[in-house]
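Asks: Top line first, the protein sequences correspond to chains H and B.
Count the first sequence with our numbering and you get residues 1 to 521, in order.
Count the second sequence with our numbering and you get residues 1001 to 1329, in order.
There may be inaccurate statements among the hints.
Unchecked claim - Covered stretches of chain B, as calculated for chain H (at least 3 residues, CB under 8 Å):
#: 1; stretch: 1047-1057
#: 2; stretch: 1233-1245
Claimed, not checked - Straight-line C-alpha distance at most 35 Å; calculated DSBU-like pairs for lysine-lysine:
#: 3; chain 1: H; residue 1: Lys378; chain 2: H; residue 2: Lys395
#: 4; chain 1: H; residue 1: Lys10; chain 2: H; residue 2: Lys62
#: 5; chain 1: B; residue 1: Lys1309; chain 2: H; residue 2: Lys117
#: 6; chain 1: B; residue 1: Lys1309; chain 2: H; residue 2: Lys10
#: 7; chain 1: B; residue 1: Lys1116; chain 2: H; residue 2: Lys448
#: 8; chain 1: B; residue 1: Lys1116; chain 2: H; residue 2: Lys62
Because the hints were derived from the structure by calculation, they are not lab data.
Each residue gets a CB set at the ideal place from its N, CA and C atoms; glycine is no exception.
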Amino acid sequence: MRGFSELIDKLLLTSSRNRKIDILCDYFKSTPDPDRGFALAIITNSLDLKNIPISKIKEIVKENVDEELFALSYDYVGDLAETISLIWPYKENGHLPQISKMISILKNIKKDELSKKIKTFLSIANETERWALIKLISGGLRIGVSSRLAKTALAKFGDKKLDDIEKIWHGIEAPYETLFKWLCNLGPMPEIDLKKTFNPMMLANPIEENDFKNINSKNFVAEWKWDGIRVQIILDDFNIKIFSRTGDDITQTFPEIKCLQKELVILDGELLVGRDYIPMTFNTLQQRLNRKKVSLKHIDDFPAFVKLYDILYLNNEDLREKNWDERRTILESWYFKHKNRFFDLSKIINFNSWKNLAEIRKNEIIDDQHEGLMIKSKYSPYISGRPKGHWYKWKKDPKTVDAILMYAVRGHGKRSSYYSDFTFGLWDENQLSPIGKAYFGFNDNELKILDKFVRNNTIKKFGPVREVEKTFVIEVAFDSVNSSTRHKSGVALRFPRIKRLREDKPINEVLQLSEFKLEFL
Amino acid sequence: MQWINENLYISPINTYIDPSRPVENAIITHGHADHAKPGHKNVLATKETINIMKIRYGENCAENFQELPLNRTLKIDNVNITFYPAGHILGSVQVLAEYRGEKINFTGDYKTKKDKSCENFEPVRCHTLVTEATFGLPIFQHPNEHNEIKKLLRSLQLFPERPHLVGVYALGKAQRIIGLLRQQRYDKEIFIHGALEKLCNYYIKENVFLGKFSKTNLKDKKEYQGEIILAPPSAIKNVWSRKFEDPIICQASGWMSIKQRAKQSLVELPLIISDHADWNELTDYIKLTRAENVYVTHGREEAIVHWCKMNKINGLALSLSGREDEEDL
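Generate the whole structure from the sequences, applying the supplied hints.
Replies: Here it is, written out as structure tokens:
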């Protein structure tokens, strides 16, 4: 456990992405199988130790520490694993088992020996190991390492393409011994069962003004960019699997979606909720996301369906090398035979020039349903990642609002000496109410102005947070607004960024929250 | 305990201990800014504390200064005042006041661990203990400081191309860190932020060994590769730190045991080194003094008061304002 606990401690305290990658590479280099594979599984959240409830750990601690003192400490620290790791009163000699051994012990632990074993582990461990152990049991490390970052580190470690790792990732399991063999050039690239595996998706680049001059509208088609979540659907042997864009298996979240196919079919589309193929807002879709248990009422109220964009496999045949036009024809014939109420074809928009498409974008867009337009080359193969020149996204124009700067926090890495994360707000009667946070959109010069303003106009400090004089107006751009019960203002902005500094603008010209809601919600 | 009140005012002799605003008579436990304020008429303190006050606030920061050496009793009317070393920083003391046979000990800030940069702590028996509780929660159990310093040295070996910027409080912590590095036989020159210079020089004058150090003076970005630079935490957060190329931000403080707190402060290498008593030192000392009453001046009062109750000692929180956690960021 020593090596693993030191690894996640280092990762937690490092804010630079490149440095995190180096730390992971070092760990993979210096740690043997199967420990490194299990560590990888924990970091990428691919391992579930569901058998020990965290309430049991709390119980054990409460038996050994005064309850009031524990409560005061927990209140102060705010993180359960940290509180327990710091407050645990006993020390015993010994070494915790290696991470792989530890996982197998925890998985097979019997109820009647749980308390005693955990108590011994906690006493043998040092503080960092205790912290790691409790994180391991409670799940969710929260150390600022995404599974994408871990895979990037794997690619660097083995000098392989990230794309290749993505391709096989969902077909391999902890402790990933075949993966490491391949990365160390001691074996072939692991073979995986396509039928269970997510294939990394093809993504679009944002279109720039110049692009229109360089691409011929006759070679391109357009579709709406639906405002849902992009999914990949794998149908095989009368089974269905639904993966999100990041490769998370979300089949259980949408159990109503069904389609029976004997041979392998892989579809690409946008998952939405709504009736008669008419999507409800993204906000409504969110009601269905991140739920482990789905109630029938939820399915009834917010039924899910998929707008199909593309087809990658048909009857075991890989179609990804074919061009978009051919794939679309295949998709349409497949749809004709197999359509049901869970699937709709994403409509192709007719247009005769870029100017014409611009008018369509302006006049026909439905704010609640569309994020903008997709422009796809008729000749594009299906390439994982974000290849240039094939697919473009033309988002709808952002909305903007002038808001008042309220709080600031220092950034990370290169920006660690700059106040670069900003909270801004609107008037709620005669008080300010925060409506969002933004940490990009400004240029270097604007950042310097903001940083200086924060340093010279701080009126209060709350730990790392500075409250500033409410005199600075900024123009905030955002994609859309959702109503939110989690935020006091009742709104949540999507993709907010600071567009312009409006030092010239008086604060009393900033909107009331109620006016803002009327206009945008 | 009618003769002192919750503002640490000793009424029979019209004297305050560490008052937060100017008064006629003040006893100052040590030179940190939240205990020693300028503008008093008469100040009673150790020689070192008086010198530190003069360095920080100017020669005339009080009208009159009177030195009281350690372990020597000063009689003022029928109150006896004696200073015992508090082991916190150079010149820091506990103040024992005796009146009509009742002994009250004011700890000021203290630690019982040994420290070569100041006089070591001495325990004192008393009827009533007025204690600090900066780290008064059982989660605070400071590790061995030499092991923490070794972490810094190991990091220097691992990243010989990166400057190591260590956030330290200018008075006490800075000099202790330098001393601890020297005890590990780190003989290289150590660099300091200008704000630390006068106090480091004063420590040397008082025969605390600090070895070779000098103020940073940056001309070339590459100049401080693999060096140790000490600076106040505020400077590290500030524009000043932009001068260094790709530094490792370290912080030497008792708060660093909380990882989330270190992360929030953007500290990459936390060094858990504190000049305050941790939970065990606080509670052990309360037991050792055999005090019947414990008053907590500042810090995490609730937990100490609760612990007193568990141990059948009268505990009370005074919650003095203006006492900031000086190590706090």
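Asks: Against this structure, judge whether each hint is valid.
Replies: For each hint, the structure was consulted:
no.: 1; hint: 1047-1057; result: violated (count 0)
no.: 2; hint: 1233-1245; result: holds (count 5)
no.: 3; hint: H/Lys378 / H/Lys395; result: holds, 20 Å
no.: 4; hint: H/Lys10 / H/Lys62; result: holds, 29 Å
no.: 5; hint: B/Lys1309 / H/Lys117; result: holds, 32 Å
no.: 6; hint: B/Lys1309 / H/Lys10; result: violated, 40 Å
no.: 7; hint: B/Lys1116 / H/Lys448; result: violated, 44 Å
no.: 8; hint: B/Lys1116 / H/Lys62; result: violated, 39 Å
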